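Trainee: My request is simple: use the sequences and hints to build the entire structure.
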Amino acid sequence: MSEAPPTPAAAPSGGGASMRLRGLMRKEFLQIMRDPSSIAIAFLMPLVLLLLFGYGVSLDAKNIPIALVVEQPSADTASFTASFQGSRYFRPSRYNDLQQAEAAMMAGRVDAIVVLRQDFERQLQQAGGTPIQLIVNGVDANTARIVMGYVEGAWGTWLQQTARLSGQSFDAPVSLTQRVWFNSELESRNYLVPGLIAVIMTLIGALLTAMVMAREWERGTMEALLVTPLAMREVILGKLLPYFILGMGGLALSVSMAIWLFEVPLRGSLWVLFVASALFLITALGMGLLISTVAKNQFVAGQIAIITTFLPAFLLSGFIFDIGSMPVVVQAITHIVAARYYVAILQTVFLAGDVWSVILPNAGALVVLAAVFLGLTRRNARKRLE
Amino acid sequence: MADASSPRGAALQATSLCKRFRAGGREVQALRDVSFSVKPGIVTGLIGPDGAGKTTLMRLAAGLLMPDQGRIEVLGMDVARQPLQVQGTIGYMPQRFGLYEDLTVQENLDLYADLQGVSPAARSDRYDELLHMAGLAPFTDRLAGKLSGGMKQKLGLACALVRQPPLLMLDEPTVGVDPVSRRELWDIVYRMVEQHGTSVLLSTAYLDEAERCSEVVVLHDGDLLDQGTPDTLREPVRGRTFAVTAADLPKRALQARLARADGVIDALVQGDHVRVVMEDDTPPDLEAVLPEAKQARVEPAPPRFEDAFVDLLKARTQPDETPRSDAAEVPLEPAQSDHVVIEVQDLQRRFGSFYAVRNVSFAVKEGEVFGLLGANGAGKSTTFRMLCGLLPPSGGTLRVAGADLRTAGAEARARIGYMSQKFSLYGNLSVAENLRFFSSAYGLFGRHGAQRIDWALEEFALAPIANSVSAGLSLGYKQRLSLACALMHEPGILFLDEPTSGVDPLARREFWQRIGELAGQGVTIMVTTHFMEEAEYCDRLAIMVAGEILTEGTPADIKAQAQTPEMPEPTMEDAFVELIQAHDKEAEAA
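Going down the list, the sequences are from chains A and B. Residue numbers for the first sequence follow my numbering, beginning at 2 and rising by one. Residue numbers for the second sequence follow my numbering, beginning at 7 and rising by one.
Relax, there's no trap hidden among the hints.
DEER-style ranges, computed between Cβ atoms:
hint, chain 1, residue 1, chain 2, residue 2, range
1, B, D74, A, R379, 23 to 33 Å
2, A, W357, B, G82, 56 to 66 Å
3, A, L312, B, E464, 46 to 56 Å
4, B, G82, A, R379, 23 to 33 Å
5, A, D141, B, G449, 43 to 53 Å
6, B, L435, A, L312, 28 to 38 Å
The calculated lysine-lysine pairs, modelled on DSS-like cross-linking and capped at a C-alpha distance of 30 Å, are:
hint, chain 1, residue 1, chain 2, residue 2
7, A, K297, B, K152
8, B, K300, B, K371
9, B, K152, B, K591
10, B, K320, B, K428
11, B, K428, B, K152
12, B, K428, A, K297
13, A, K384, A, K297
14, A, K384, B, K45
15, B, K371, B, K428
Simulated from the structure, these hints should not be mistaken for laboratory data. This one's a predicted model, so the numbers in the text were calculated from it and none came from an experiment. Heads up, the beta-carbon is just placed ideally off N, CA and C, and yes, glycines get one too.
Mentor: Okay, here's the thing in structure tokens:
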């Protein structure tokens with residue numbers, strides 16, 4: 002830059018920069034408003050995903066069909082089976098013998114069989130006796146574990162009650178009393194909906210941004226933009242700002258639906274939620290822009306964005322699957338998944354409150370990732386076509 | 007700013023530019039040691055076929071690419087060192103015009119005015135001037151995507167000019183647009199040069215546009231072939247160009263004979279005569295070449311830029327690169343019969359409320375070469391797709407070989423061959439694999455299939471490159487391979503959609519030669535093109551504008567319509583322009 006350009010008025014100047022940025026942003030908003038696919042990704046997709054996950058997907062065990070087989074009815078068996086009847090977790094049906102119940106399990110009509118054997122009374126009195134048998138359909142491991150837990154719980158409760166009623170002391174070595182914190186109703190919607198916000202923000206920030214950037218390359222408009230006094234940072238900023246605003250709009254929509262439609266409690270403060278979301282959105286935009294420095298057509302950009310941002314946000318963020326129970330290698334990978342930190346903040350702010358010991362480290366990780374992605378974008382994005 | 011092109015030096019100076027690209031594991035030398043300069047205050051044309059290196063050169067000059075070697079200076083600035091300053095100074099219009107199609111005309115102008123830093127106070131006057139010049143003033147609220155090709159081109163130009171630039175660079179601004187819009191674009195460019203002293207660098211694949219430039223830089227295959235004024239470039243062929251007429255011979259047969267005669271470098275059908283470029287200034291020996299033609303005459307003709315270009319190319323080409331010389335003879339008697347094989351009545355095609363094709367009727371006889379001439383977006387390809395049964399018409403009737411191909415069985419379909427725009431080949435298959443695939447797609451197996459593949463390899467001189475991947479072939483070879491694929495099953499009717507788009511003049515000549523031979527064997531050929539001069543190869547043609555046929559007839563008939571005392575010998579382009587203007591006047595009056 003040692004020589005002065007021959008036409009100083011045309012050189013990039015401070016005053017022109019704001020005019021250029023304004024022009025770029027106005028263009029971007031006009032395009033968003035006129036392009037049904039942007040609106041669909043920013044507003045329709047969150048709506049569909051939230052409704053689907055809010056109403057359709059439930060990881061709770063509720064009304065699980067089970068078979069009750071009582072080989073020798075007695076007062077004790079009647080009182081034990083009655084405890085199933087009143088439960089919201091089970092939908093019991095009676096079978097006369099084990100064969101019928103097994104047939105029902107084969108046909109998929111029941112997920113578990115509880116068998117009270119002929120010698121139920123005798124086993125009950127005997128130390129180390131096993132009066133009941135539980136057979137569980139293990140195909141869906143998750144539901145199977147829940148059923149096992151519930152049946153054990155129901156059995157324990159019944160034993161205690163029976164002992165108390167008969168005036169005997171029930172000498173269990175340890176008495177277990179459960180209390181569920183943060184999500185006391187064990188409502189899966191309460192943690193799925195906040196987690197889903199991370200997925201939605203990834204869609205808007207990374208997928209949509211990578212696609213609209215690729216569209217500019219594909220249609221040849223980027224070439225025309227590059228041969229103007231625009232600096233590359235202005236091109237990046239001109240994409241970042243409009244989609245940041247769009248993403249925050251998507252966030253407002255999602256949070257409103259979470260609170261008012263799905264009645265997810267918001268125990269933390271709204272401003273923490275929005276600041277953390279802004280941070281994550283910038284990270285996601287950074288990922289989207291970084292992808293666009295590599296992928297210059299919409300198909301490739303979309304594929305890369307889905308594989309590197311959307312799927313990890315879904316699978317590796319702890320939104321559905323607990324990170325602690327993943328293999329060590331996969332756990333290590335989750336550290337570069339920005340959604341992981343955001344999901345942790347979201348679930349904390351919604352269900353627990355402003356727990357700074359969780360929020361601050363996770364927010365710190367987001368700051369680091371945002372800096373890395375935007376820094377790489379800045380370095381890789383050149384005002385060139387190669 | 008208008009005086010920025012003060013004559014203190016070249017507007018653009020390229021020194022020993024080299025640029026290579028890697029594409030799919032192959033190294034392509036896009037530019038090889040190219041040096042030239044663009045003088046200030048004139049229009050310099052960058053001329054060459056597709057793949058010559060024009061766009062690479064434009065992008066190097068705009069700072070969008072970095073040269074591997076050499077140096078390029080724009081308005082005294084080194085582009086490699088000061089790309090932003092260069093980009094902030096020049097006006098640049100990329101191919102496809104760089105418009106946002108979902109923005110209106112006004113919004114596109116606003117965007118580029120913002121980006122170019124045009125002060126709000128200066129805008130209104132500048133907009134008025136540009137919109138008036140581009141004829142877009144009534145359409146400021148229309149989306150750019152809804153404009154015709156010619157209007158898009160002018161809007162693209164207006165956006166590049168929104169801040170009066172000292173150097174204007176236009177990358178193939180006229181490709182595919184109708185001749186009226188082309189003329190208007192040239193008018194605007196010259197107005198800029200005259201009123202503001204703008205320097206202009208403009209690339210084009212249309213050789214006739216070289217004549218409109220003050221200086222020409224000729225590129226081919228990454229090499230700079232020549233630079234100079236059109237006059238100096240024509241100089242080498244001066245005295246070597248002749249016009250041959252033979253009223254008792256069909257034009258295509260005459261051309262084929264002359265093309266193969268001794269000492270002939272180039273023979274080209276032009277109007278009612280054949281234009282010949284000779285190795286030296288001896289005219290062709292008509293006695294020897296055309297013994298049976300009694301009324302044959304030869305006259306000297308003024309040289310054109312295209313003659314010189316073909317001369318330059320022929321000198322570079324190794325003789326074995328051109329396919330077989332013992333070509334099938336084009337018969338002296340035309341093979342046409344009165345049997346109508348393609349018949350179209352009141353054909354219509356609507357997309358929403360937009361008529362892509364409206365009230366189109368024509369008939370093509372067996373063995374005829376019938377052309378559809380029109381700009382991009384005139385409805386040529388839509389008509390073709392309906393004829394081939396790929397798209398249902400919204401109204402009207404059509405018969406191809408006595409059947410509607412949309413409902414006809416495989417038998418009727420097997421009678422047609424189709425070569426689509428941009429040569430639909432499988433890029434990652436080799437030449438032989440492509441041929442094998444297409445022959446099996448047409449149901450040619452076993453001995454017969456193998457025979458046809460051998461035929462194609464030999465006939466189209468593809469054997470030496472049979473194992474090359476087709477994506478890496480030059481455009482001329484791709485065109486050849488694509489035609490071979492369409493001919494595998496020896497169709498009686500051949501549909502060719504923009505078959506010569508972008509290929510160099512030699513490949514184009516070879517292609518038309520082959521078409522002439524096929525027609526001579528009784529194959530009916532329907533072809534679309536936006537090259538006006540190619541219309542001369544057709545027996546009959548229809549001119550399409552905005553979905554409608556404006557006129558139909560032999561090339562001579564159509565040109566006769568534009569004949570006036572001032573224009574005794576109109577070219578096809580003159581006739582086209584005349585027709586469009588008459589049509590527009592009618593539309594205004596209605």
